[in-house]
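A.B. asks: Letter by letter, the chains look like this.
2 protein chains.
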Amino acid sequence: MTRDISDNEAERHRQKMVNRKTVQDAEVAAKTIEKGLLMINTGPGKGKSTAAFGLALRMLGTGRRVGVVQFIKGAWSTGEQQALTLFGDKVVWRTMGEGFTWDTQDLKRDVAAATKAWEEAKVLMADETIGLLILDELNIALRYDYLPLEEVVETLSSRRPDLHVIVTGRNAKQPLIDAADMVTDMTLVKHHFKAGVKAQAGIEF
Amino acid sequence: MTRDISDNEAERHRQKMVNRKTVQDAEVAAKTIEKGLLMINTGPGKGKSTAAFGLALRMLGTGRRVGVVQFIKGAWSTGEQQALTLFGDKVVWRTMGEGFTWDTQDLKRDVAAATKAWEEAKVLMADETIGLLILDELNIALRYDYLPLEEVVETLSSRRPDLHVIVTGRNAKQPLIDAADMVTDMTLVKHHFKAGVKAQAGIEF
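From first to last, the protein sequence lines are chains A and B.
The first sequence begins at 1 in full-length UniProt numbering and counts up by one.
The second sequence begins at 1 in full-length UniProt numbering and counts up by one.
Simulated from the structure, these hints should not be mistaken for lab results.
Model, not experiment: these values are computed from the prediction.
Take the hints with a grain of salt, since some may be wrong.
Because identical chains cannot be distinguished in the list, a pair is counted as satisfied if it fits within a single copy or across any two copies.
Below, computed lysine to any residue pairings styled on SDA-like, alpha-carbon distance capped at 20 Å [as the list claims (entries may be wrong)]:
1) 16 <-> 35
2) 173 <-> 188
3) 122 <-> 34
4) 173 <-> 189
5) 194 <-> 5
6) 194 <-> 26
7) 108 <-> 96
8) 108 <-> 120
9) 116 <-> 93
10) 21 <-> 120
11) 190 <-> 4
12) 116 <-> 190
13) 16 <-> 26
14) 31 <-> 170
15) 90 <-> 22
16) 173 <-> 187
17) 194 <-> 205
18) 190 <-> 44
19) 21 <-> 86
20) 190 <-> 170
21) 16 <-> 109
22) 190 <-> 171
23) 198 <-> 20
24) 194 <-> 6
25) 194 <-> 178
26) 31 <-> 171
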């Protein structure tokens, strides 16, 4: 059922929106800088890797290539990997992690895998055909001190100026947040796991 | 440079991870329910629509179809639309909104467009070939009272049990949050627009 709107209400709305548009247009006009962004998706809520994944699709839609380095295997679904195969060599995919730390139970192997992943990330950072680089779960590798934080922040900060980078994972370190252009904290308001719902195909994997 | 790890440290780590895995396995085993989820991505931060978009890709990777109803035109990029055309008729796309409310400046038209979008959403809810329905920016239509909140919540709550629905947009209404299985608030920690960076291809559109 469509709600009734009086002419009076419609006119008040129009006036308000005319004013809003003036503000909006001025805001847009004031933004003039173009640059590669360092973006972070962190926090305990759902959507960190998924949003990075959506951003990959957005970038692919513009025709540019996307690089993905997975620091922890298993964070991205086979569903996503399958979907991305449709884009052929427009997507460069590197899965370096060996699984969750509680699965490997082997610190030396975890550190070696993270180090190898970081080396691979640096190679992709230098590849000028790539417009967006996703460093999936890099925050986890930093949190457990698998990688030297200072070097990672420095390398990311001195990357080529047109490269967009997105880092995902809980507990982003403060120096990385300080260096970033955009930081979103995915805050958990409510999660179905708490209600006993299991991981399901198409949602969690 | 890989960091040094003593055998002692490695063993302490191993013990800790064995314990963690026990907890983790018990948690997974306790989750047995399978059901279509009502999910909400809200909050002022970046990633609400992008994460829904990523979820679409995940669902498509499993071979099931995805429906998208855009209540506000312009929230999704042409880049995303282009990327999704690769999936052919696996994606059902309905753009019903007429643009941002400050662009249309026409309350009656906004309400008519939202009503039409909601009718379309109900058609897609009944389509059993669809595994995930994205109601993009529905929260905006509800916030401005373009649609009757009670009817929307009731219809979503009584949908077929295997349908996953994700609703995006700022300022989700409390009754919708109460009805949802999963709610993520994308909290804005830092945004590049504040620093004068403009909207860029592959990132914002």
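A.B. asks: Give a verdict on every hint.
C.D. replies: Hint-by-hint comparison with the structure:
no.: 1; hint: 16 <-> 35; result: neither (34 Å within a copy, 43 Å between copies)
no.: 2; hint: 173 <-> 188; result: both (19 Å within a copy, 16 Å between copies)
no.: 3; hint: 122 <-> 34; result: neither (23 Å within a copy, 41 Å between copies)
no.: 4; hint: 173 <-> 189; result: between (22 Å within a copy, 13 Å between copies)
no.: 5; hint: 194 <-> 5; result: neither (42 Å within a copy, 36 Å between copies)
no.: 6; hint: 194 <-> 26; result: between (45 Å within a copy, 13 Å between copies)
no.: 7; hint: 108 <-> 96; result: within (14 Å within a copy, 54 Å between copies)
no.: 8; hint: 108 <-> 120; result: within (18 Å within a copy, 54 Å between copies)
no.: 9; hint: 116 <-> 93; result: within (14 Å within a copy, 41 Å between copies)
no.: 10; hint: 21 <-> 120; result: neither (45 Å within a copy, 29 Å between copies)
no.: 11; hint: 190 <-> 4; result: neither (35 Å within a copy, 40 Å between copies)
no.: 12; hint: 116 <-> 190; result: neither (36 Å within a copy, 30 Å between copies)
no.: 13; hint: 16 <-> 26; result: within (16 Å within a copy, 55 Å between copies)
no.: 14; hint: 31 <-> 170; result: neither (30 Å within a copy, 22 Å between copies)
no.: 15; hint: 90 <-> 22; result: neither (40 Å within a copy, 40 Å between copies)
no.: 16; hint: 173 <-> 187; result: both (16 Å within a copy, 17 Å between copies)
no.: 17; hint: 194 <-> 205; result: within (18 Å within a copy, 35 Å between copies)
no.: 18; hint: 190 <-> 44; result: both (11 Å within a copy, 17 Å between copies)
no.: 19; hint: 21 <-> 86; result: neither (40 Å within a copy, 35 Å between copies)
no.: 20; hint: 190 <-> 170; result: both (17 Å within a copy, 16 Å between copies)
no.: 21; hint: 16 <-> 109; result: between (60 Å within a copy, 15 Å between copies)
no.: 22; hint: 190 <-> 171; result: both (19 Å within a copy, 15 Å between copies)
no.: 23; hint: 198 <-> 20; result: between (44 Å within a copy, 19 Å between copies)
no.: 24; hint: 194 <-> 6; result: neither (46 Å within a copy, 38 Å between copies)
no.: 25; hint: 194 <-> 178; result: between (33 Å within a copy, 15 Å between copies)
no.: 26; hint: 31 <-> 171; result: neither (30 Å within a copy, 25 Å between copies)
Violation of the numbered hints given earlier is confined to hints 1, 3, 5, 10, 11, 12, 14, 15, 19, 24, 26; the remaining hints are satisfied by the structure.
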